[in-house]
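Colleague: This is what each chain is made of:
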Amino acid sequence: AQSVAQPEDQVNVAEGNPLTVKCTYSVSGNPYLFWYVQYPNRGLQFLLKYITGDNLVKGSYGFEAEFNKSQTSFHLKKPSALVSDSALYFCAVRDGNNAGNMLTFGGGTRLMVKP
Amino acid sequence: NAGVMQNPRHLVRRRGQEARLRCSPMKGHSHVYWYRQLPEEGLKFMVYLQKENIIDESGMPKERFSAEFPKEGPSILRIQQVVRGDSAAYFCASSLAGQGSYEQYFGPGTRLTVT
Numbered sequence: 012a013q014s015v016a017q018p019e020d021q022v023n024v025a026e027g028n029p030l031t032v033k034c035t036y037s038v039s040g041n042p043y044l045f046w047y048v049q050y051p052n053r054g055l056q057f058l059l060k061y062i063t064g065d066n067l068v069k070g071s072y073g074f075e076a077e078f079n080k081s082q083t084s085f086h087l088k089k090p091s092a093l094v095s096d097s098a099l100y101f102c103a104v105r106d107g108n109n110a111g112n113m114l115t116f117g118g119g120t121r122l123m124v125k126p
Numbered sequence: 008n009a010g011v012m013q014n015p016r017h018l019v020r021r022r023g024q025e026a027r028l029r030c031s032p033m034k035g036h037s038h039v040y041w042y043r044q045l046p047e048e049g050l051k052f053m054v055y056l057q058k059e060n061i062i063d064e065s066g067m068p069k070e071r072f073s074a075e076f077p078k079e080g081p082s083i084l085r086i087q088q089v090v091r092g093d094s095a096a097y098f099c100a101s102s103l104a105g106q107g108s109y110e111q112y113f114g115p116g117t118r119l120t121v122t
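Heads up: the protein sequence lines correspond to chains S and L, in order.
Every number in this note's numbering is 11 more than the matching position in the first sequence, counting from 1.
Every number in this note's numbering is 7 more than the matching position in the second sequence, counting from 1.
Wrong hints could be hidden among the right ones.
Examples of chain L residues lying across from chain S (beta carbon under 7 Å, computed) [what the hints assert, rightly or not]:
#, residue
1, G49
2, I61
3, F72
4, A95
5, F98
6, E110
7, F113
8, G114
9, P115
Listed below are the simulated BS3-like cross-link pairs for lysine-lysine, each with C-alpha atoms no more than 30 Å apart in a straight line [as the list claims (entries may be wrong)]:
#, chain 1, residue 1, chain 2, residue 2
10, S, K69, L, K34
11, L, K34, S, K60
12, L, K69, L, K58
13, S, K80, L, K51
14, S, K33, L, K51
15, L, K69, L, K51
16, S, K33, L, K34
17, S, K60, S, K80
18, S, K60, S, K33
19, L, K58, S, K60
20, S, K33, S, K88
21, L, K51, S, K69
22, S, K88, L, K51
23, S, K125, S, K60
Don't read these hints as lab results, they were simulated from the structure.
All of these numbers come straight from a predicted model, not from anything done at the bench.
C-beta atoms are modelled at their ideal positions from N, C-alpha and C, and glycine is treated no differently.
Can you build the whole structure from these sequences, using the hints too?
Modeller: Structure (structure tokens):
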């Protein structure tokens, strides 16, 4: 079975400061990892993914994430937060060895960026 | 290039009625996924379909829920004899292919309210 944990229900950060949203995962095969963002009353928007290669992945809107195999983590980061980054963020994993392509999502982390 | 489309965006049903949710994938995508999201929770996988085939329905409740993706037309998630516990946001996603590293693109969701 595969699982994702997002240990923080909410992260508060001041505009202009760096932000980190944490994610750890568990999967039996090769992890394919994804970050999505959800704005109120909207669907999820894809931010970035890690499949293979460089551990630091760059995505949309200045976000990046670092894959750490030994810590089974895939934390989302941004050097300088914007108020417009305030939203709900979801980490997801699927087993790259499993052709079924089922994504498992974490419970979400609400990011609040204050002016 | 239109994204994933879902309709209706909001649906109100009385207990015992049927709910039909529609999803049109992105152009060129032939893989469709349905997820359910309860308030302030992550997305839970329900079913994965290709045209005329159910690939994985491990997340579907055994009774009252069914899904299809016909050769022509949108994918349909059907909930018979709805109960209050079915109230949730239902999201559809599509991907270019079902295997490999392809990310899923999400629609805006259908918010079902059972009264």
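Colleague: It remains to establish, for every hint, whether it holds in the given structure.
Modeller: These are the hints, each one checked on the structure:
1. At its closest, the beta carbon of G49(L) sits 4 Å from a beta carbon of chain S; the interface hint therefore holds under the 7 Å criterion.
2. Interface hint status for I61(L): violated, as the beta-carbon distance to the closest one in chain S is roughly 12 Å, over 7 Å.
3. With 7 Å as the threshold, the beta carbon of F72(L) stays out of range of chain S, its nearest partner Cβ sitting at about 17 Å, so the hint is violated.
4. For the restraint placing A95(L) at the interface with chain S, the shortest Cβ-Cβ distance is roughly 14 Å, beyond the 7 Å limit, so the hint is violated.
5. Evaluation of the F98(L) hint against chain S yields a held restraint, the C-beta minimum of about 6 Å falling below 7 Å.
6. A hinted interface residue such as E110(L) counts as satisfied when its beta carbon comes closer than 7 Å to some beta carbon of chain S; here the least separation is about 5 Å, so the hint holds.
7. Because the beta carbon of F113(L) sits about 4 Å from the nearest beta carbon in chain S, less than 7 Å, this interface hint is met.
8. Checking G114(L) against chain S: minimum C-beta separation of about 5 Å stays under 7 Å; hint holds.
9. Annotation: interface hint on P115(L) holds; nearest CB of chain S at approximately 5 Å, less than 7 Å.
10. A hinted pair counts as satisfied when its Cα atoms are at most 30 Å apart, and K69(S) with K34(L) qualifies at roughly 26 Å.
11. For the hint pairing K34(L) with K60(S), the CA-to-CA distance comes to about 22 Å; that is within 30 Å, so the pair holds.
12. Taking the CA atoms of K69(L) and K58(L), the gap is about 22 Å. The hint holds against a cut of 30 Å.
13. For the proposed pair K80(S) and K51(L), the alpha carbon gap of about 25 Å is at most 30 Å, so the pair holds.
14. The straight-line distance between the Cα atoms of K33(S) and K51(L) is roughly 20 Å, inside the 30 Å bound, and the hint therefore holds.
15. Taking the CA atoms of K69(L) and K51(L), the gap is about 15 Å. The hint holds against a cut of 30 Å.
16. A C-alpha spacing of about 34 Å is found between K33(S) and K34(L), which places the hinted pair above 30 Å, so the restraint is violated.
17. A distance of roughly 15 Å separates the Cα atoms of K60(S) and K80(S); the hinted pair therefore holds under the 30 Å criterion.
18. Our distance criterion of 30 Å between C-alpha atoms is met by K60(S) and K33(S), whose separation comes to about 15 Å.
19. This hinted pair checks out: K58(L) and K60(S) have alpha carbons roughly 26 Å apart, not beyond 30 Å.
20. Only pairs whose Cα atoms come within 30 Å are accepted, and K33(S) paired with K88(S) is accepted, the gap being roughly 9 Å.
21. At roughly 26 Å between alpha-carbon atoms, K51(L) and K69(S) fall within 30 Å of each other, so this suggested pair holds.
22. In summary, the hint linking K88(S) to K51(L) is supported, as the alpha carbons are separated by about 25 Å, within the 30 Å threshold.
23. Simply put, K125(S) and K60(S) have alpha-carbon atoms about 27 Å apart, close enough for the 30 Å limit, and the pair holds.
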